[in-house]
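Protein chains: 4
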Amino acid sequence: MANSESVDPNGHRLFLTPRRFEYTRKFEQPDELPLSNWIVVRIDGRGFSKFTKRYHFEKPNDRRAIDLMNSAAMETVRGLVDIVVAYGQSDEYSFVFHEDTTLFERRAHKLVTTVVSTFSVQYAMQWPTFFPDQPLTEPFPTFDGRPVLYPKLKILRDYLSWRQADCHINNLYNTTFWAMVQQGGQSPTEAELELKGTLSADKNEILFSRFGINYNKEPQVFKKGTVIYRDLSTTASTLEDARSELEKPTSKTQAEKERKRKQKATLVAEHVDIIKAA
Amino acid sequence: MANSESVDPNGHRLFLTPRRFEYTRKFEQPDELPLSNWIVVRIDGRGFSKFTKRYHFEKPNDRRAIDLMNSAAMETVRGLVDIVVAYGQSDEYSFVFHEDTTLFERRAHKLVTTVVSTFSVQYAMQWPTFFPDQPLTEPFPTFDGRPVLYPKLKILRDYLSWRQADCHINNLYNTTFWAMVQQGGQSPTEAELELKGTLSADKNEILFSRFGINYNKEPQVFKKGTVIYRDLSTTASTLEDARSELEKPTSKTQAEKERKRKQKATLVAEHVDIIKAA
Amino acid sequence: MANSESVDPNGHRLFLTPRRFEYTRKFEQPDELPLSNWIVVRIDGRGFSKFTKRYHFEKPNDRRAIDLMNSAAMETVRGLVDIVVAYGQSDEYSFVFHEDTTLFERRAHKLVTTVVSTFSVQYAMQWPTFFPDQPLTEPFPTFDGRPVLYPKLKILRDYLSWRQADCHINNLYNTTFWAMVQQGGQSPTEAELELKGTLSADKNEILFSRFGINYNKEPQVFKKGTVIYRDLSTTASTLEDARSELEKPTSKTQAEKERKRKQKATLVAEHVDIIKAA
Amino acid sequence: MANSESVDPNGHRLFLTPRRFEYTRKFEQPDELPLSNWIVVRIDGRGFSKFTKRYHFEKPNDRRAIDLMNSAAMETVRGLVDIVVAYGQSDEYSFVFHEDTTLFERRAHKLVTTVVSTFSVQYAMQWPTFFPDQPLTEPFPTFDGRPVLYPKLKILRDYLSWRQADCHINNLYNTTFWAMVQQGGQSPTEAELELKGTLSADKNEILFSRFGINYNKEPQVFKKGTVIYRDLSTTASTLEDARSELEKPTSKTQAEKERKRKQKATLVAEHVDIIKAA
Chain A
1 MANSESVDPN
11 GHRLFLTPRR
21 FEYTRKFEQP
31 DELPLSNWIV
41 VRIDGRGFSK
51 FTKRYHFEKP
61 NDRRAIDLMN
71 SAAMETVRGL
81 VDIVVAYGQS
91 DEYSFVFHED
101 TTLFERRAHK
111 LVTTVVSTFS
121 VQYAMQWPTF
131 FPDQPLTEPF
141 PTFDGRPVLY
151 PKLKILRDYL
161 SWRQADCHIN
171 NLYNTTFWAM
181 VQQGGQSPTE
191 AELELKGTLS
201 ADKNEILFSR
211 FGINYNKEPQ
221 VFKKGTVIYR
231 DLSTTASTLE
241 DARSELEKPT
251 SKTQAEKERK
261 RKQKATLVAE
271 HVDIIKAA
Chain B
1 MANSESVDPN
11 GHRLFLTPRR
21 FEYTRKFEQP
31 DELPLSNWIV
41 VRIDGRGFSK
51 FTKRYHFEKP
61 NDRRAIDLMN
71 SAAMETVRGL
81 VDIVVAYGQS
91 DEYSFVFHED
101 TTLFERRAHK
111 LVTTVVSTFS
121 VQYAMQWPTF
131 FPDQPLTEPF
141 PTFDGRPVLY
151 PKLKILRDYL
161 SWRQADCHIN
171 NLYNTTFWAM
181 VQQGGQSPTE
191 AELELKGTLS
201 ADKNEILFSR
211 FGINYNKEPQ
221 VFKKGTVIYR
231 DLSTTASTLE
241 DARSELEKPT
251 SKTQAEKERK
261 RKQKATLVAE
271 HVDIIKAA
Chain C
1 MANSESVDPN
11 GHRLFLTPRR
21 FEYTRKFEQP
31 DELPLSNWIV
41 VRIDGRGFSK
51 FTKRYHFEKP
61 NDRRAIDLMN
71 SAAMETVRGL
81 VDIVVAYGQS
91 DEYSFVFHED
101 TTLFERRAHK
111 LVTTVVSTFS
121 VQYAMQWPTF
131 FPDQPLTEPF
141 PTFDGRPVLY
151 PKLKILRDYL
161 SWRQADCHIN
171 NLYNTTFWAM
181 VQQGGQSPTE
191 AELELKGTLS
201 ADKNEILFSR
211 FGINYNKEPQ
221 VFKKGTVIYR
231 DLSTTASTLE
241 DARSELEKPT
251 SKTQAEKERK
261 RKQKATLVAE
271 HVDIIKAA
Chain D
1 MANSESVDPN
11 GHRLFLTPRR
21 FEYTRKFEQP
31 DELPLSNWIV
41 VRIDGRGFSK
51 FTKRYHFEKP
61 NDRRAIDLMN
71 SAAMETVRGL
81 VDIVVAYGQS
91 DEYSFVFHED
101 TTLFERRAHK
111 LVTTVVSTFS
121 VQYAMQWPTF
131 FPDQPLTEPF
141 PTFDGRPVLY
151 PKLKILRDYL
161 SWRQADCHIN
171 NLYNTTFWAM
181 VQQGGQSPTE
191 AELELKGTLS
201 ADKNEILFSR
211 FGINYNKEPQ
221 VFKKGTVIYR
231 DLSTTASTLE
241 DARSELEKPT
251 SKTQAEKERK
261 RKQKATLVAE
271 HVDIIKAA
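Chains as they are written, first to last, in the UniProt record's numbering: chain A, 1 to 278; chain B, 1 to 278; chain C, 1 to 278; chain D, 1 to 278.
The shape of chain A in the complex, shown without the other chains (with noise of 0.2 Å):
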């Protein structure tokens, strides 16, 4: 792309000449991400209560949705093979890069958009397999995201573990109140008031008591978000796969093929603890 020239053979002074405006690409300031650090990139739907709306989500959880959601998720990770884990509840996700990735020289812009940008494309492309009836109409789902640094492989856990928590307790709100509002018929204000300083089990009990929902028989995927890893082996079925991931030192030898095994792979999304696992 960089044929330049600034001489006229004519003895012309060309105009157009490169040179002349090259220095402004000197202000592109460095963004690599310190070495060492476990890379984690959250992306979030933008405007999305707004956008529920208008696509009528069913409440508290839309299945569609989620199904839509992790379905992207799943393709970011495929296209991706840096991340090692992925962590999705109700409008965000976070991917995970290996502490030791060299992908885009860590470059944040470079690592955060690429996710951004696949995974935002998946999502509108997929719509209609998941929402056949209702075409992706004009302003199109969008998402934002941003890079977060974790220097050491507990705090990346901990990091998961807030995020799942996050999503127990909105999960558990939000079952308690839709309840109350769709089979107990109260007015959303009335709802949202009540609810007003319960703790967890006082929901559980307003959801078993009034409405015959025993909350620990709701499905996982909405009580623990969904986890996104590779399943390295054939045999695997849990979670060990993406723990060893995480601590297992990527030696430049063994990367290409390592890459290769990776690409092959079969993803698994599974509904599980991770605090517990952590």
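Derived from the structure by calculation, the hints contain no laboratory data.
Keep in mind that the hints are not guaranteed to be accurate.
Any copy will do: because identical chains look the same in the list, a pair fits if it lies in one copy or spans two.
[Claimed, not checked] The calculated lysine-lysine pairs, modelled on BS3-like cross-linking and capped at a C-alpha distance of 25 Å, are:
#1 154 - 224
#2 26 - 152
#3 152 - 224
#4 110 - 26
#5 53 - 224
#6 154 - 50
#7 262 - 59
#8 260 - 26
#9 110 - 50
Position chains B, C and D against the provided structure of chain A, taking the given hints into account.
Chains B, C and D only, in chain A's frame:
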């Protein structure tokens, strides 16, 4: 989204306590871009030389592909009124936010990922309009992006001039190269070898004497790329608006009025000299 | 300093092999400050309210202490010719590097620590000249510092005006407060209480009516602080030089000539309005 | 220091209104260093090869100069209790802050400039003790500094090992070089040429066969540099304390108690292997 709790009224220690993990949020680093700097978000197609081959883009320029880039950029500018001007050529686009923008508190990743996500989804969703005969298949096209700061208006103009000069240089080269190959029957290697070290005048001469092509009469969109800006007055038909836009201080009192005016304004795409204008 | 080796010719594995550890160098992060920005290095005395008590500084202003600050700043400016102007008051000093400086490749920590180290040592070494009766004892006075970038000359001027306005406001307050305490016999608490919420005019009135002090006739150095710049023409006696200095583009061809001229130039310290000048 | 005002009760527009300029404060960028990282502040003498010639430092090592470096470092460690260990050799010193330090909210410039200012002033003030016959004259010695972050204890140890290996390599080279020049009567150029490409064993051989010097019997302080740490138990006489110090989590409840204990602790300077210890 923050209905946190950590006590279990029955005396059981709650396993899921977000507070215990919430400290991980403190690992997020601030990324507000410095004040009084023009913010350019530049996006580039990822792996587009492979992508253009897969979809048989015409050489040296595929008008459908350029129109799609411009249409996706138009929608991106429409959705983000703080963008004062955008310039695109080939598979890249530069979106310029006003030096005083406060959008997303000037947070770098928010700004960049919002542009990238919006543009990427637009590109994918508008694809069938421009390539009705070739459905988009996996792997889908994606874009990366990064911010660059320009502390002075003059330097911003030089940046845009640099991108436009790059467009000119590449287009003259590509027009000549493909004429030699497609019409002149030379092999790509031969053409490349012959063009090595040639200046603009030489290429113009080859085009004219061998193929009867007057480069000056080639379409402006190929030679100049595309400038997008808001036509804030109904009569305006030149770049003047974009230019005065660039210099105007945004006082906070007019901000909301301005915003509405911008949202209503029609967008203009022109293929004119930034360099002469600067 | 890099005579590295890692093989022992006798076949012994060398214990001390720098190469094995040299990867740790890659953890250094780049810190070049962005181009075309005025670089202010602002230093502040650490724990100076305690320090001034220990050495019985006169209140509201100790002329010896101010002269020492200015003298240390003069030597700092003398040693770093890329500093175009400096402004100081109380225990702080702002050193302004030209927006186009390439000193230390604009590396933030190099620039800041060089200023801080030079100023700190000058302060300590010159102490006996200004406080001949009080030898400096542990803990010695120290200074911290930080860089601030100003993308436009106008904003840099506003920054300097801000520091000078701060000088005025504090000096008027302190002059009034200490007159009330030292001459008026009020307790510090009483004086503080009475001054709470008063405006400039009130303080001027207290000074004049109670103590016969016309604030306008107080020494300029107390009211305005100190501006240091190079007197590049022998005839110049105003701030003009510093001003034109601020605007002058430094072309690389003249760089070395300029450097020598600056090293020879006499330094001027004035106590004048930056604000009026701006 | 903030007695701001902007109205003149007599109706005059005040010229000095800090509020008008206070916006310039917003140009300061946050510089908090990321959590859970060891912070190394490394300082280096500025222009010390010239400085050591001016004061006729003995070659290859000037014991007075090394003792002065160590003494200045001791006082720096004493004054900043969050420093857990320091390592120095030649004209450089590395000060290590605990990975959980909250000193100055981990602000990079505060940490670095405080270390640099303290060390620089100590060096200048203690100079007469170590060089009683040579008063310090202008230009005074100064130091620059920068922060480096290490996310794991192991990497921090490798960093320190790197600096110590560097000490060994340089000292062996310098010892041999100066023996050849001072005792062997070779010219510096001859000695340099002969040493080019030699390995450790070669230099040991030259030292022993030509000058009867057994390098292993050279002073430890020259071969190993200096490690400084707090002797937190009165009986401790090894590096154990520094090591356990490195691993100890600092719970907030004990923080103040710890601080006092550290301030009382005697400082130890040793010349031992970091590498073996690691």
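query = Which numbered hints are broken by the structure, listed smallest first?
reply = 6, 7, 8
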